[in-house]
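**Student:** Construct the complete structure from the given sequences, taking the supplied hints into account.
Heads up: the sequence lines are chains Z and L, in that order. Numbered per the numbering used here, the first sequence finishes at 223, counting up by one with no gaps. Numbered per the numbering used here, the second sequence finishes at 625, counting up by one with no gaps.
Take these hints with a grain of salt, some might be off.
[Unchecked claim] Some chain Z residues flagged as far from chain L (calculated, every beta-carbon gap over 12 Å):
#, residue
1, 78
2, 81
3, 82
4, 97
5, 101
6, 103
7, 157
8, 203
[As the list claims (entries may be wrong)] Selected chain L positions facing chain Z (Cβ under 7 Å, derived; list incomplete):
#, residue
9, 305
10, 313
11, 317
12, 333
13, 534
Don't read these hints as lab results, they were simulated from the structure. Don't be surprised by glycine CBs; every beta carbon is placed ideally from N, CA and C.
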Amino acid sequence: MNREDDSVAWPLLTRREALIGAGLGVGTAMFHLHLEPAAAQPSAGPSVRFDDQVGVSFTTNGRELDAVVDPRTSLLDHLREAQGLFGTKKGCDHGQCGACTVHLDGERVAACLTPVVQCAGRTVETVESLERDGELHVMQQAFIDHDALQCGYCTPGQIMAAIACVREGHAGSRDEIREYMSGNLCRCGAYENIVSAIEAARSKMEA
Amino acid sequence: MQPFSYMRAGTVDDALAALSQDARILAGGTTLYDLMKLGVEAPQRVVDIARLPLRDIRLEDNVLVLGAGVRMSAAAEHPDVGSSAPALSEALWRAASQQLRNMAALGGNLLQRTRCSYFRHGAPYACNKREPGSGCAAQDGLSRHHALLGGSEHCIAAYPGDFAVALAAFDAEVEITGPSGARLMPLVDLHREPGSEPQRDTNLRPTELITAIRVPLVRAARASTYHKIRDRESYAFALVSAAVGLEVEGSIVVDARVALGGVATRPWRSREAEQVLIGRSFSEGRAREAGIAAFSSARPTGHNAFKIELGARAVTDALMIASTRS
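**Tutor:** Below you can see the structure in the form of structure tokens.
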């Protein structure tokens with residue numbers, strides 16, 4: 017088992033460089049001087065180590081966690097099965113439907129196609145993070161006000177995508193909303209009301 | 300999914316060392332991880348290159364240099380990309396969804412594998428790309444999304460990407476690093492036609508890594524567009540697409556670039572269409588003539604012959620859009 021916390025906390029510092037630094041017994045100042053040339057010197061010898069179980073530390077909805085995972089595990093399965101966060105839905109499991117949309121370092125991604133090992137040192141936000149002190153996020157409230165759902169299965173993904181869409185500045189018109197929300201399918205066909213909800217929430221989010 | 304062992308590369312050297320031990324590259328994950336879930340890909344070892352410092356976008360003299368690790372969404376919205384080569388920006392934002400564009404890296408996007416259903420979904424259907432020697436179920440199967448250009452009796456799987464098609468039009472090169480150092484390869488040489496070895500998508504060696512993409516910013520790149528025709532107006536693969544650029548002096552075309560997507564086994568530069576345009580006056584009739592020329596060597600199968608006319612019109616429309624930008 018290998019804990020990769022070092023490379024998480026110090027993304028510029030590889031294990032190889034750390035080992036070289038330790039082996040030479042150099043001080044901190046020398047050590048930092050060593051970093052730049054090391055990247056350009058293949059002769060220093062690269063480090064190769066493959067692991068069947070991988071340690072990852074990351075933050076979900078403000079909560080830090082350490083986990084040891086099989087590298088096959090998707091962020092989606094980890095959220096639902098290891099963290100008990102069932103708000104993020106599994107639709108197609110192939111990045112085609114958008115039901116699993118979450119924010120990774122503030123950007124919307126498909127959790128089903130994100131190996132959880134790639135979340136190391138990063139911040140994940142799911143639909144469960146939106147409610148604050150009993151108050152729904154304006155996007156959640158707008159979906160209710162505009163009847164922007166029928167069965168509701170795609171809704172958490174729609175809402176996470178919609179919030180990112182507004183923050184990105186891609187909700188300027190109904191057409192732009194349609195283009196930038198096209199990765200979220202709604203088989204009940206609530207699209208008109210989803211667009212209306214996003215338009216309304218955009219005004220409040222930007223106010 | 301088959302179990303695999305994992306390594307996160309901190310440097311390009313680490314990644315190359317991992318590749319020398321039979322590892323497959325994981326960048327954004329949108330192709331490899333997807334195909335691993337389907338059982339089409341089953342690597343024993345995976346090297347994750349997402350943390351490598353390959354995320355720069357810069358202008359070097361008159362060359363746009365895009366790091367292989369730049370995300371599609373970042374490149375699509377970068378001001379230098381949109382202003383210097385609108386076809387590149389359009390090819391990016393008209394591909395996939397914003398979620399996938401936030402994940403997928405440019406280098407990985409170039410290497411996206413075909414969406415041929417027989418390739419992706421396996422038994423009981425034959426596929427020479429997935430299992431060499433098994434046959435090609437597409438030849439007599441549902442071929443609406445298959446290639447009319449560059450196919451062979453062994454494979455007619457279409458190259459699905461958009462960005463590489465736009466790059467092909469503008470003589471882009473890929474920077475490749477391997478055990479014996481770095482080399483430059485013309486983008487049009489990166490992807491292979493299937494021939495008798497459909498399992499080999501590209502001329503990239505298993506021990507090599509794409510580190511950057513270089514695009515010479517000719518005038519025709521500034522007056523360019525990526526025109527994509529789909530069953531659904533957004534978030535769909537191209538039925539046919541055309542990346543075009545024009546440089547017109549007076550009314551005479553001095554440079555023309557035409558590349559096709561969705562209809563060929565690799566990003567398809569159409570010199571035939573360009574030759575119709577270069578040195579002659581530009582008109583809608585000439586654009587139409589170029590569109591027809593682009594498909595002169597097309598070999599349709601059961602369900603895709605409609606793309607010859609659709610494609611000719613897509614090229615025509617793309618040229619008309621580009622002409623307003625030159």
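**Student:** Decide, hint by hint, whether the structure agrees.
**Tutor:** Outcome of the hint check:
The claim that residue 78 of chain Z is not at the interface with chain L holds, since no C-beta of that chain comes within 12 Å of its own (minimum 21 Å). Its beta-carbon lying about 18 Å from the closest one in chain L, residue 81 of chain Z satisfies the requirement of being farther than 12 Å from that chain. With a closest Cβ-Cβ approach of about 16 Å to chain L, residue 82 of chain Z is found to remain outside the 12 Å limit, as its non-interface label requires. With a least CB separation of 15 Å from chain L, residue 97 of chain Z remains clear of the 12 Å interface cut-off, as annotated.
In this structure residue 101 of chain Z is separated from chain L by more than 12 Å, as the shortest Cβ-Cβ distance comes to about 18 Å. Against the 12 Å criterion, residue 103 of chain Z stays outside the reach of chain L, whose nearest CB is about 16 Å from its own CB. Every CB of chain L lies more than 12 Å from the CB of residue 157 of chain Z, the least distance being 23 Å, so the non-interface label holds. In this structure residue 203 of chain Z is separated from chain L by more than 12 Å, as the shortest Cβ-Cβ distance comes to about 14 Å.
Given the 7 Å rule on beta carbons, the hint for residue 305 of chain L holds: about 4 Å separates it from the nearest Cβ of chain Z. Checking residue 313 of chain L against chain Z by beta carbon gives a least distance of about 4 Å; that is within 7 Å, so the hint holds. The closest approach between the C-beta of residue 317 of chain L and any C-beta of chain Z is roughly 5 Å, which is under the 7 Å cut-off, so the hint is satisfied. A hinted interface residue such as residue 333 of chain L counts as satisfied when its beta carbon comes closer than 7 Å to some beta carbon of chain Z; here the least separation is about 6 Å, so the hint holds.
Hint on residue 534 of chain L holds. Least Cβ distance to chain Z is approximately 4 Å, under the 7 Å limit.
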